[in-house]
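Chemist: Read top to bottom, the protein sequences are chains R and G.
Residue numbering for the first sequence follows our numbering, starting at 11 and increasing by one per position.
Residue numbering for the second sequence follows our numbering, starting at 14 and increasing by one per position.
These aren't lab readings, by the way, just hints derived from the structure by calculation.
Be a bit skeptical, because a hint or two may be false.
To be verified - Every beta carbon over 10 Å from chain R, so not counted as near; a handful from chain G, in silico:
no.: 1; residue: 35
no.: 2; residue: 146
no.: 3; residue: 251
no.: 4; residue: 285
To be verified - If the Cβ cut is set under 7 Å, some of the chain G residues that face chain R in the computed set are:
no.: 5; residue: 102
no.: 6; residue: 106
no.: 7; residue: 183
no.: 8; residue: 184
no.: 9; residue: 217
no.: 10; residue: 218
no.: 11; residue: 222
no.: 12; residue: 252
no.: 13; residue: 255
Quick reminder that beta carbons are idealized off the backbone N, C-alpha and C, glycines included.
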Amino acid sequence: MRDRTLWTWHIGAGVVILVLLGLHMAIMHLDATLGIFGTEGAEPVEWESVVTRAQSLFFTVTYVLLLGAALYHGFYGLRNILLELNPGAGLRRTINVGLSLAGLALFAFGTWAALAAPGAATMAGG
Amino acid sequence: MADTSPRQVTFHVRRYEPGVDREPHWEDHRIDVLPGMTVLDGLWKVKELSAPSLAWRSSCRMGICGSCGMLINGRPRLACNTQIAELASDVVAVGPLPNFGIIKDLVPDLRPMFEMHRDLMPYLIRDDAQEQDDPTGEYWQTPHELEHYLQFSYCIKCGCCMAACPTVATDPQYAGPMPLGQAHRYNSDTRDAGFGQRREVLSGGSGPWRCHFAGECSQVCPKGVDPAKAIQLMKRELVSDLLRLRRRRPPAALAEEPHGTRREDIVPAPPRTATEA
């Protein structure tokens, strides 16, 4: 894929991270502050809250999207750092393929974890 | 009255002759410096008095030709455009521009820069092949359209921006600020229709994607050009094109021949005061 396309995805992933990480911060860490808007609920790290989120389609989709965006953004950055070490053509290809495979493997594992979470929560008595 | 007496300054000059020297070395030359002397004047004096084989490039002596780019006291500058007094030091360290090979002493090998410059087609490209090969006239352009690229056209290709760029220092594939800035200059010209051709080069690994936006290129440019801005604008244009958001426009049309009647009351030009030899 050409560098222009990769870079555009990199910027797009950055925007997705900004939005979804903002959402994550708001839900997980700013619950007390957001209480002033009358949105007080259960403690976000309590088991019931975790299970509720794990069983919610919205949160599952959000987790997978955030995972994909963060992995792409991070691995693209790592690729740039490695390519600036001026590797030869063969090593350059190895870096591209290696990072793509590593990113895909981590994405597959993370997606599996997000999809398996509702079942695991039910089995654990959630 | 201003002090016009000479003062002693040491020129700390980097010397290297491939095939003769194993590696570059430094030489010191003390010279008398008068107010108003530039680094280029100082180099001429060094060459005249103590180092006749010292080599560098220079031509116009007025910051126009872009030949005398050098690393002067740690910063890429034009030797002809740098007063020794403005350096405020008794030592003037002069070396060849970094990020280039060395042909001899202070002469950098600028070929990679100009080859990339050529690859990015720094000239007007028309969509009509016949008009491209045999232009029939001038093309319309408003002053407002000219403003879009005017500052980038002040580039004199001295290579100072390339010498200051941290990405050029580490990534030989990266085109660098001068060729990219000039590609943007022509892409922004309303008379040009070459965006599609330049895009083929710019979308790849030598395009603007590796720019870290350190901004050093714009800091050191002796002509006040802002290549870092050109590179960011170019990224925006290329991404807009990828997302099909770029507004396509035909290149500016040929300007019509002047029409109407000639005014009769124009005062004639005065007679020539010089005769041709």
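Chemist: Against chain R, does residue 285(G) keep a CB gap of more than 10 Å to every residue?
Modeler: Non-interface label on residue 285(G) holds, nearest chain R Cβ at 57 Å vs cutoff 10 Å.
Chemist: Please settle this one: residue 35(G) was flagged as non-interface, so is its CB more than 10 Å from every CB on chain R?
Modeler: holds, 24 Å
Chemist: Minimum Cβ distance from residue 252(G) to chain R below 7 Å?
Modeler: holds, 5 Å
Chemist: Can you verify the interface hint for residue 222(G): is its Cβ closer than 7 Å to any Cβ in chain R?
Modeler: Holds - the Cβ of residue 222(G) comes within 7 Å of chain R, reaching about 4 Å at its closest.
Chemist: Identify whether the interface hint at residue 102(G) stands, where standing means a beta carbon of chain R within less than 7 Å of its own.
Modeler: violated, 33 Å
Chemist: Beyond 10 Å from every Cβ of chain R: is that where the Cβ of residue 146(G) lies?
Modeler: Answer for residue 146(G): holds, closest chain R Cβ roughly 30 Å.
Chemist: Return the status of the interface hint for residue 106(G): holds when the least beta-carbon distance to chain R is below 7 Å, violated otherwise.
Modeler: violated, 28 Å
Chemist: Was the hint right that residue 184(G) lines chain R, CB cutoff 7 Å?
Modeler: holds, 5 Å
Chemist: Checking hints one by one. Is residue 217(G) an interface residue toward chain R, by the C-beta closer than 7 Å rule?
Modeler: Hint on residue 217(G): holds, closest Cβ of chain R at ~6 Å, below 7 Å.
Chemist: Does the CB of residue 183(G) sit less than 7 Å away from some CB of chain R?
Modeler: holds, 5 Å
Chemist: Checking hints one by one. Is residue 218(G) an interface residue toward chain R, by the C-beta closer than 7 Å rule?
Modeler: holds, 5 Å
Chemist: Can you verify the interface hint for residue 255(G): is its Cβ closer than 7 Å to any Cβ in chain R?
Modeler: holds, 6 Å
Hint violations for this structure: numbers 3, 5, 6, all remaining hints satisfied.
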